[in-house]
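Quick note on the UniProt record's numbering: the sequence shown kicks off at 1 and runs consecutively.
Read the hints as simulated data drawn from the structure, not as lab findings. There's no promise every hint is true.
Claimed, not checked - Lysine-lysine pairs mimicking DSSO-like chemistry, simulated, CA-CA at most 30 angstroms apart:
| id | residue 1 | residue 2 |
| --- | --- | --- |
| 1 | K131 | K68 |
| 2 | K59 | K131 |
| 3 | K147 | K131 |
| 4 | K59 | K82 |
| 5 | K147 | K161 |
| 6 | K147 | K159 |
| 7 | K82 | K161 |
| 8 | K80 | K59 |
| 9 | K62 | K82 |
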Amino acid sequence: MEDNSTNRNTVKEGMNGFWKALKDAGYNNHNVSIDYNGLLTGTTSSGENGNSPQGPYHKYGKHVTITKDNYSIWQNFNWKMKNNSADYYGQTLEARGYYDHSNGSRYLSLYDSSGTWVGYINESGTAINNKPQGDCQSYGEYVTISKDNYSIWQNFNWKQKHASADYYGQTLEARGYYDHFNGSRYLSLYDRNGSWVGYINESGTNLSGNGRGGNYQSYNKFVTISVDNYDIWQDLDFSRSRNHSSDYYGQTLEARGYYNHFNGTRYLSLYDNAGTWVGYMNENGTNLSNGQQGNYKRYGQHVTISKDNYLKLESSKIQFIP
Numbered sequence: 001m002e003d004n005s006t007n008r009n010t011v012k013e014g015m016n017g018f019w020k021a022l023k024d025a026g027y028n029n030h031n032v033s034i035d036y037n038g039l040l041t042g043t044t045s046s047g048e049n050g051n052s053p054q055g056p057y058h059k060y061g062k063h064v065t066i067t068k069d070n071y072s073i074w075q076n077f078n079w080k081m082k083n084n085s086a087d088y089y090g091q092t093l094e095a096r097g098y099y100d101h102s103n104g105s106r107y108l109s110l111y112d113s114s115g116t117w118v119g120y121i122n123e124s125g126t127a128i129n130n131k132p133q134g135d136c137q138s139y140g141e142y143v144t145i146s147k148d149n150y151s152i153w154q155n156f157n158w159k160q161k162h163a164s165a166d167y168y169g170q171t172l173e174a175r176g177y178y179d180h181f182n183g184s185r186y187l188s189l190y191d192r193n194g195s196w197v198g199y200i201n202e203s204g205t206n207l208s209g210n211g212r213g214g215n216y217q218s219y220n221k222f223v224t225i226s227v228d229n230y231d232i233w234q235d236l237d238f239s240r241s242r243n244h245s246s247d248y249y250g251q252t253l254e255a256r257g258y259y260n261h262f263n264g265t266r267y268l269s270l271y272d273n274a275g276t277w278v279g280y281m282n283e284n285g286t287n288l289s290n291g292q293q294g295n296y297k298r299y300g301q302h303v304t305i306s307k308d309n310y311l312k313l314e315s316s317k318i319q320f321i322p
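Model the full assembly from the supplied sequences, consistent with the hints where possible.
What follows is the structure, given as structure tokens:
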């Protein structure tokens, strides 16, 4: 039976042979350890990988979407942080390669659409996505089409479905969006009937500041109230009536602006001659006026001149001054 001294000598001889073999192979000043799989790992003094913990680089060439917002993105495998996944959450990036680390995790080497290296991330913080546009993210916002020279796409092979000019100024529902690998966000748009309009680059829209009401558009026109049965609203959610058209029937008011509501109707923001805000009214209950004088109305009555200090003006020379 061998004693402990014999065992120690055997181990010593074995280790000396091991270090000599490493030296003969060019691994000087080595740093060797046992990895999670029971394999020897180490690095040379020059920094080259001997059998490095991250293992060899593998080509990959896939698109992935960042699905976690609490992961570190590493500069190197000494775990120096380069970025945070929260800064790329929901974005689609290119995983050009990966490393199967000895800790049991796969680390992807990520690049953005401009070819800039983002860093290494644990694969569990991503989802493989073979579509450059990535996955649809729920949105549920209302946007106004603000550009008239954008394509609205049928798909991400760039087949055109509509032109933004056909929807310019309208408010549509963006139910979802895609953060494309090309760096742009594309909104998936629906009209008031629930019909899908298509995908548009977000930069061709403005997020509605008034929900379904859309965005304020400057107008500065004078209108005459032509119906007596319309509500004049306090807000564009129609939660409360502010005034009623019967109180202003036949009067000329100033429409300083308007909203193209998601319901397909234009609502005018009305002011009286004292500058007091009257409320929002459906444009269909008004007639556009040529000026502050309002619209001509038939009268057909005889009158007697009762004042001797009024100017008589020729209609062709009448000029209404603000």
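The hints, checked one at a time:
no., hint, result
1, K131 with K68, "holds, 19 angstroms"
2, K59 with K131, "holds, 18 angstroms"
3, K147 with K131, "holds, 27 angstroms"
4, K59 with K82, "holds, 21 angstroms"
5, K147 with K161, "holds, 16 angstroms"
6, K147 with K159, "holds, 19 angstroms"
7, K82 with K161, "violated, 41 angstroms"
8, K80 with K59, "holds, 23 angstroms"
9, K62 with K82, "holds, 21 angstroms"
In summary, the one numbered hint that this structure violates is 7.
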